[in-house]
Amino acid sequence: MIVQAFAFYLFAGILLTSALMVITARNPVHSVLFLILAFFNAAGLFVLLGAEFIAMILVIVYVGAVAVLFLFVVMMLDIDFANLRKGGMQYVPLGIIIGSILLFELVAIYSYWAFAPDVSQNLDMPLSSFGDLQNAEALGMVLYTDYIFAFQMSGLILFVAMVGSIVLTLRKRPNIRKQIVSSQHARKASDVLEVKKVTSGTGG
Amino acid sequence: MEFITEFILWGWSFWLVRTVAFTLLVVGGILLSVAYMTYAERKVLGAMQRRQGPMLVGPFGLLQPIADGIKLFSKETIIPSGAHRVVFLLAPMLLFALSLVAWVVIPFDKGWVLANINVGILYLFAISSMGVYGVVMAGWASNSRYAFLGGMRSAAQMISYEVSMGLIIVCVLLVTGSLNLQEIVLADRPLWVQILLFPMFIVFLVSILAETNRTPFDLPEGESEITGGFMVEYSAMTYALFFLGEYANMILMSAMTTILFLGGWLPPFGMSSLDFVPGIVWFALKTALILFFFIWARATLPRFRYDQLMRLGWKVFLPLTLFWVVLMAGILMSFNALPNQAVHVNPVKEVAQVVEETIKIIEENVEEVIEKIEKIENNNTENNSEEIEGGVQGNE
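These protein sequence lines map, in sequence, to chains E and U. In case it helps, the working numbering puts the first sequence at residues 882 to 1085. In case it helps, the working numbering puts the second sequence at residues 9 to 404.
Hints in this document: simulated from the structure, not taken from any laboratory. Possibly wrong hints are sitting among the right ones.
[What the hints assert, rightly or not] Reference excerpt, derived from the structure (chain E facing chain U, CB under 8 Å, subset only): (1) Tyr943; (2) Val947; (3) Phe953; (4) Asn1016; (5) Ala1017.
[Claimed, not checked] With a straight-line cut-off of 30 Å between C-alpha atoms, the simulated DSS-like cross-links for lysine-lysine are: (6) U/Lys323 <-> E/Lys1069; (7) U/Lys79 <-> E/Lys1053; (8) U/Lys118 <-> U/Lys83; (9) U/Lys51 <-> U/Lys83.
Since this is a predicted model, take the numbers as computed values, not measurements. C-beta: ideal position from N, C-alpha, C; glycine also.
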């Protein structure tokens, strides 16, 4: 238990620190790198909870794919941050007003906060009915049976988003030269080559 | 009470000692294999190009990798003045650490594994997908155009090929029904399943070439266009870490292929007469076979152009592997051969049985069948003659 507690505080500490660094770092690339560290530590917390499947998917999807694209975009951006920061102070009063409203709402909600009576049982083992099934199996049992409609709908939404982004970025460039492999393969030497006999002394 | 706590502490420390010892053994083994992988590469390349390769340091040049290592250790580390110091130094360390961390889940023999976790294959996939950060960070922090271009190319390349690699892993998981690497090795695979998996094995081999930035997909470090790619500003120890990490990754990918497709530590072709050979020998031999393929490809193939690389990844491998996942799932489902259905059947036998039964039924009712066939034939001829007449009229 001591090891687990130690690991928890380590992961949680690094997670919070790096999350703070994401918004305070001056260099946007450093921000993204801290974001990646935060993702990674969140995965560590999932492992401690016994949700190793979610942890691995978090690393594969967010760290391995999404954050790489973030990094890609941020590195390519050419923003003069010193210039951007100059007029920053004029928005401070507005920021304070919005922040205090949000804080007030949070406090108001928290004062009426109550837990359902049987929630403590669910905390131990959310899927108690699955016994000693592994993570991936238990997830599959729920996802593809009870929640198949929600699962399919989320897939459909992602598909629409994908089609939308392709439609937005697709542009036809007629002047560009592209390699068409099949037409290259279909070309025969006899169509494009002609062997001529040149008698000596007449060529050139 | 004191006795119990002492006993627990003793047991825990014993576990700790054992784990640390095994870790050191694995890390030492990997580093040694990396050193002699470079030696093997130079020797094999030499043999393929009709020259001798390293011959001068030690007998047959066997001490050459150690001499190279000492040279890299003793050189001066140069950090370019415009570079981001921390990120610049962090990048090679990250790449090297990741290439070693992945080995904790690799089973070298039955039970010879540091962490026998349930999601082993996902862990491997996650760690290998993080390798791209070392390259991108190095490219960005070097403050050099060549390095930046190399880093960008590498990021795009690794993401593209990871997609098809993931789908190939799904194909294997459909057969094994477990994410645990030991169970993947031990899963029951009849011959027809292995034949079904074979095309995916080939695609996986090509994908790991791209994933480890090796020839013919070594665009991130293409010498002739962007000098050294993301490694161009690195020297001495930082360069050595990149080098070690890259070769350790190659060995890791070979081990992964061995586990997924070649049966890990089991003797080849299920020959139980070869059981007396320790499993780790088979594991090492199979891994070495894939590594030879890496070197062989390097000696044989010219470098791909960037658009050709992207076309192969997105327009060929991705549709092919996606189709294969659906195909395999369908075939395994229809022959009740999915791992959790527990009934393993041979589809060839199944089909033969169906054919046999049909023949038997036909033989038993020969007269009826003949009558029916005649009826159908009569109908057909009538229809055909009508159609022909119609056609002739239409032409007139």
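Evaluation of the provided hints:
| no. | hint | verdict |
| --- | --- | --- |
| 1 | Tyr943 | violated (10 Å) |
| 2 | Val947 | violated (10 Å) |
| 3 | Phe953 | holds (6 Å) |
| 4 | Asn1016 | holds (7 Å) |
| 5 | Ala1017 | holds (6 Å) |
| 6 | U/Lys323 <-> E/Lys1069 | holds (25 Å) |
| 7 | U/Lys79 <-> E/Lys1053 | violated (53 Å) |
| 8 | U/Lys118 <-> U/Lys83 | violated (42 Å) |
| 9 | U/Lys51 <-> U/Lys83 | holds (25 Å) |
Comparing the model with each numbered hint stated earlier shows that hints 1, 2, 7 and 8 do not hold.
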